[in-house]
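2 protein chains.
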Amino acid sequence: MKRRDLLRMIGVSAGGAAMYQAMSTLGLAAESPYRGTPKLQGAPHGASVLILGAGLAGMVAAYELRQAGYKVQVLEYNARPGGRNWTIRGDDTYTELGGYTQHCQFDRGLYINPGPWRIPYHHRGLLDYCKKLGVPLEPFVQINHNAYLHNTKAFGGKPQRYRSINADYRGHITELLAKVTQQSKLDALVSKDDQAMLLDSLRQLGGLDKNYAYVTGPSASNRRGYDKPPGGGLSAKPVDSQPLQLHDVLNSNMWRALTEGEMFEFQQTLFQPVGGMGRIGEAFGRSLDGLIHYNAKVTAIHQDEHGVTATYEDSRRPGSVRKAHGDWCICTIPLSILSQIPMNVGAAMADAIGAIPYAATVKIGLQFKRRFWEEDDDIYGGITSTDLPINNISYPSCDFNSRGKGVLLGGYLWGLSAYEFTAMTPEERVRRAVEYGSQIHPQYKTEFDNGVAVSWHRAPFTMGCFATWSEEARAKHYENLCQIDGRIALAGEHASYLPAWQEGAVTSALDVVTRIHQRVVAGGVA
Amino acid sequence: MKRRDLLRMIGVSAGGAAMYQAMSTLGLAAESPYRGTPKLQGAPHGASVLILGAGLAGMVAAYELRQAGYKVQVLEYNARPGGRNWTIRGDDTYTELGGYTQHCQFDRGLYINPGPWRIPYHHRGLLDYCKKLGVPLEPFVQINHNAYLHNTKAFGGKPQRYRSINADYRGHITELLAKVTQQSKLDALVSKDDQAMLLDSLRQLGGLDKNYAYVTGPSASNRRGYDKPPGGGLSAKPVDSQPLQLHDVLNSNMWRALTEGEMFEFQQTLFQPVGGMGRIGEAFGRSLDGLIHYNAKVTAIHQDEHGVTATYEDSRRPGSVRKAHGDWCICTIPLSILSQIPMNVGAAMADAIGAIPYAATVKIGLQFKRRFWEEDDDIYGGITSTDLPINNISYPSCDFNSRGKGVLLGGYLWGLSAYEFTAMTPEERVRRAVEYGSQIHPQYKTEFDNGVAVSWHRAPFTMGCFATWSEEARAKHYENLCQIDGRIALAGEHASYLPAWQEGAVTSALDVVTRIHQRVVAGGVA
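So the protein lines, in turn, are chains A and B. Residue numbers for the first sequence follow UniProt numbering, so the first one is 1 and each next one is one higher. Residue numbers for the second sequence follow UniProt numbering, so the first one is 1 and each next one is one higher.
Honestly, the hints are just simulated from the structure, not real lab data. These figures come from a predicted structure and were not determined experimentally. Please note: incorrect hints may appear among the correct ones.
The list treats identical chains as one, so a pair stands whether inside a single copy or across any two.
Below 25 angstroms or equal to it, Euclidean Cα-Cα: the simulated SDA-like pairs (lysine to any residue) are [what the hints assert, rightly or not]:
hint: 1; residue 1: K445; residue 2: G90
hint: 2; residue 1: K158; residue 2: N253
hint: 3; residue 1: K323; residue 2: D304
hint: 4; residue 1: K185; residue 2: Q245
hint: 5; residue 1: K185; residue 2: M424
hint: 6; residue 1: K185; residue 2: K210
hint: 7; residue 1: K185; residue 2: S402
hint: 8; residue 1: K476; residue 2: A355
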């Protein structure tokens with residue numbers, strides 16, 4: 001019996017707390033709260049669930065409830081499954097609020113993910129569905145030591161390699177700590193034995209020389225890079241590079257980008273589906289063939305003691321009123337939209353729905369005539385950080401070292417600059433991204449081909465990118481948002497401690513279907 | 001005109017020094033000493049070069065010299081191209097010195113690379129040939145935050161996650177440096193303004209709290225991992241984990257593994273060819289179709305003023321003496337073998353050939369019935385480090401999240417333990433690797449399927465893994481090894497500042513063909 005099967009058995013028979021105890025005992029607790037899909041069974045004959053939204057949360061709910069024996073139907077605003085799980089490819093058309101329509105001109109095989117674009121190794125729920133649905137994955141390169149750090153106010157605006165700033169920052173701080181250790185200034189804090197090991201470890205971490213100094217030499221070059229790296233034959237001897245001063249590194253603010261790859265959600269190994277994140281939504285959609293009504297814009301949700309009715313119209317034919325009914329309803333509509341739809345739930349849930357603002361973000365995909373970032377700059381995947389409004393340039397984590405065109409993420413904007421870009425036409429957003437990016441990659445000017453820009457505040461199906469929870473809102477509203485209100489329950493990244501992440505949507509849906517099923521089975525009736 | 005074309009032009013017309021100046025000016029110098037393939041042309045009619053060895057160095061030389069118009073032939077000991085560029089797949093057979101024959105039982109699509117297994121982003125020569133030969137690449141995962149660090153003498157032998165040791169080590173050292181900064185003990189070393197930025201940066205690097213302490217809390221958990229990570233719905237609240245003490249981290253010696261991904265050759269992004277490293281050698285072999293004589297064991301090399309003659313026998317028919325001739329000879333035979341072959345070169349080169357010992361390494365590939373490292377342990381690619389003789393367990397960087405069997409690198413041995421394993425039968429090496437590995441992954445015992453083990457000291461075509469240059473040997477012998485001696489020149493990783501790396505072989509070959517061509521053209525005759 002696999003450990004996971006054992007856990008599932010404990011979970012089914014003794015509940016979550018016992019499961020968690022068992023997980024701790026087996027040493028799995030630190031890995032994931034995800035316990036495998038819930039394996040619900042024994043839905044009463046004819047029991048039905050109406051699901052609103054065919055994003056990941058809605059489709060996970062539909063997948064599991066259908067398996068448990070429920071009659072399931074899903075209403076979806078868009079003409080496609082996935083919601084924010086979405087890939088824009090050549091020939092795709094997208095119309096945003098305000099009426100601007102973009103017709104993507106990317107070459108075949110090239111794409112941009114306007115929404116989620118990476119999957120951490122510990123997002124087991126999502127990874128398990130990828131396995132079940134047969135969606136192949138490839139690594140997403142988050143940290144690239146050869147990508148740039150760029151600050152218009154440092155080093156005359158000249159981009160620096162991540163590896164240099166990283167090595168120099170570490171070199172200097174380990175040198176400082178080694179100095180005070182040798183000057184006996186740590187004696188009150190660290191035992192003498194530990195100080196000896198500490199010095200050893202600092203030398204290694206920082207690339208210090210035998211005197212614990214961070215200086216020009218092979219040890220520093222082996223971290224920050226060479227002026228001339230080692231090669232073969234005659235005149236192949238390496239030439240060391242010159243470290244920057246601590247003051248310049250600190251003052252550049254570039255150190256702020258150095259820990260991104262250390263945060264739990266961005267640690268190695270990260271993944272992306274081969275061919276675009278949208279492959280997951282597309283596969284889910286195929287697996288739920290016939291259950292999803294597309295182009296269905298929900299305009300009202302009403303429950304009574306017998307069930308829940310959603311009123312909707314065909315989004316292509318405004319005014320065409322239709323109704324759908326379920327004994328229960330799982331509503332995954334983003335709060336930004338849901339707060340505008342009449343729905344008779346209690347004050348606690350209604351307050352929660354209205355209290356959570358959504359993040360404004362903008363993503364811009366740019367196609368170039370050649371992969372100059374690889375050919376000229378030796379940058380294969382990863383992210384360049386800048387203080388320009390575009391924030392990031394992210395290089396594609398696929399088709400490495402190939403010939404031909406390429407699409408990169410030419411901007412990932414949030415905060416004020418996202419609002420500014422949202423106010424522009426898509427064409428203007430693309431133009432600005434090219435203009436800004438050319439400060440880092442002068443090749444932009446000659447190699448730019450075409451682009452698309454998605455501003456999430458103008459996306460008709462979300463009007464925002466993801467729920468932004470303050471600590472106060474979390475304390476006041478989260479539990480209320482997640483309760484089953486009569487026959488209605490909410491699911492989605494907004495109903496999770498993982499806002500913006502697909503795993504939040506997946507685990508929230510699994511949590512909700514399990515609770516609804518428990519209630520149905522306990523009640524003995526639908 | 002691309003920058004690289006400009007550089008090539010400068011290189012051709014004005015030589016390497018001018019090229020390097022130009023590279024510096026263009027900001028390319030730090031990237032690579034590789035200047036693109038040399039684009040040799042104008043070989044005198046009928047001029048010929050005999051190449052010994054169809055490893056990467058020999059095949060690069062053949063590829064470029066053929067292009068320049070030379071008559072080229074290559075003698076190769078093995079029945080396949082590639083040399084140490086080699087992938088063992090199911091159904092492959094390998095006989096080592098001593099007579100042991102292994103018949104690999106891996107399933108279709110699974111493999112192990114006994115030799116090189118990763119390509120750094122800055123190994124431009126090799127990357128360029130991959131592009132030219134149409135060899136697709138995928139990322140090689142070097143650092144995996146969720147892989148294990150294991151020391152039999154620490155934490156009761158219980159493996160720790162890389163992320164925990166990494167976070168705790170950084171947390172504690174940044175806390176220490178923050179403390180002495182706040183106690184004014186850095187005043188003599190760092191200005192007050194810089195100290196303020198330093199404190200900010202230390203908090204970020206270490207995940208310190210607002211008082212610059214490394215304590216249990218969201219900031220530490222977001223780096224070292226959670227006891228219960230955030231999820232969705234009710235009871236989804238994360239539970240923080242408890243950092244280890246500095247003494248325990250230092251004493252565990254596990255910090256020694258924390259900087260591997262920071263070294264120049266192991267920085268992101270690393271690559272592997274899709275389907276195994278041997279894909280490069282195989283593609284080279286196809287591109288040189290008809291030029292390579294396989295199963296040709298060179299027994300003597302003789303030069304006179306007119307050219308070079310190699311005596312060889314068909315390795316399948318000992319005693320079958322044959323001869324091959326070239327105006328020039330590029331010999332890529334490993335020094336471990338070459339030092340045993342009679343060859344009339346000067347004392348300086350002969351001394352160099354005899355002076356360089358070869359590393360003993362052993363690699364062991366293990367097939368398991370399921371990918372338990374992914375399914376149970378959430379480890380996708382990357383390397384677990386241990387103080388056991390196996391040193392490493394490296395998980396495959398392909399077929400992530402897939403069902404079915406998998407092959408991992410169950411041991412990469414060097415030094416004393418490599419010699420010990422070399423003395424064993426292949427079966428015994430595999431048995432030991434399974435036994436040791438099961439201390440880290442108990443699943444080994446039930447899931448093991450079959451394995452292969454390559455001890456490089458028993459490889460008939462190399463008798464060792466790679467040239468190990470001491471600083472003294474480098475100073476005394478390197479230049480002599482790389483000179484053209486009469487009509488003979490050497491190439492290979494041993495003739496480079498990149499021992500063990502394929503890029504050393506590639507750049508050494510490019511260096512040699514350029515010099516030989518210059519000499520031929522300058523001499524006006526072959």
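Hints, verified against the model:
For a Cα distance limit of 25 angstroms, the shortest separation of K445 from G90 inside one copy, 22 angstroms, qualifies, whereas the shortest one across copies, 50 angstroms, does not. Taking the closest pair of Cα atoms, K158 and N253 come within 25 angstroms of each other only inside a single copy of the chain (14 angstroms); across copies the shortest separation is 39 angstroms, beyond that limit. For the identical chains of this complex, K323 and D304 are intra-copy neighbours only, at 15 angstroms inside a copy versus 95 angstroms across copies, given an alpha-carbon limit of 25 angstroms. For the identical chains of this complex, K185 and Q245 are neighbours both inside a copy (23 angstroms) and across copies (20 angstroms), given an alpha-carbon limit of 25 angstroms.
Taking the shortest alpha-carbon separations for K185 and M424, neither the intra-copy value of 57 angstroms nor the inter-copy value of 52 angstroms comes in at or below 25 angstroms. Taking CA atoms no more than 25 angstroms apart as the test, K185 paired with K210 passes in both settings, with 20 angstroms inside one copy and 23 angstroms between copies. With identical chains, the CA atoms of K185 and S402 are never at most 25 angstroms apart, being 54 angstroms at best within one copy and 53 angstroms at best between copies. Only within a single protomer do K476 and A355 lie at most 25 angstroms apart by alpha-carbon distance; the minimum there is 10 angstroms, versus 75 angstroms between protomers.
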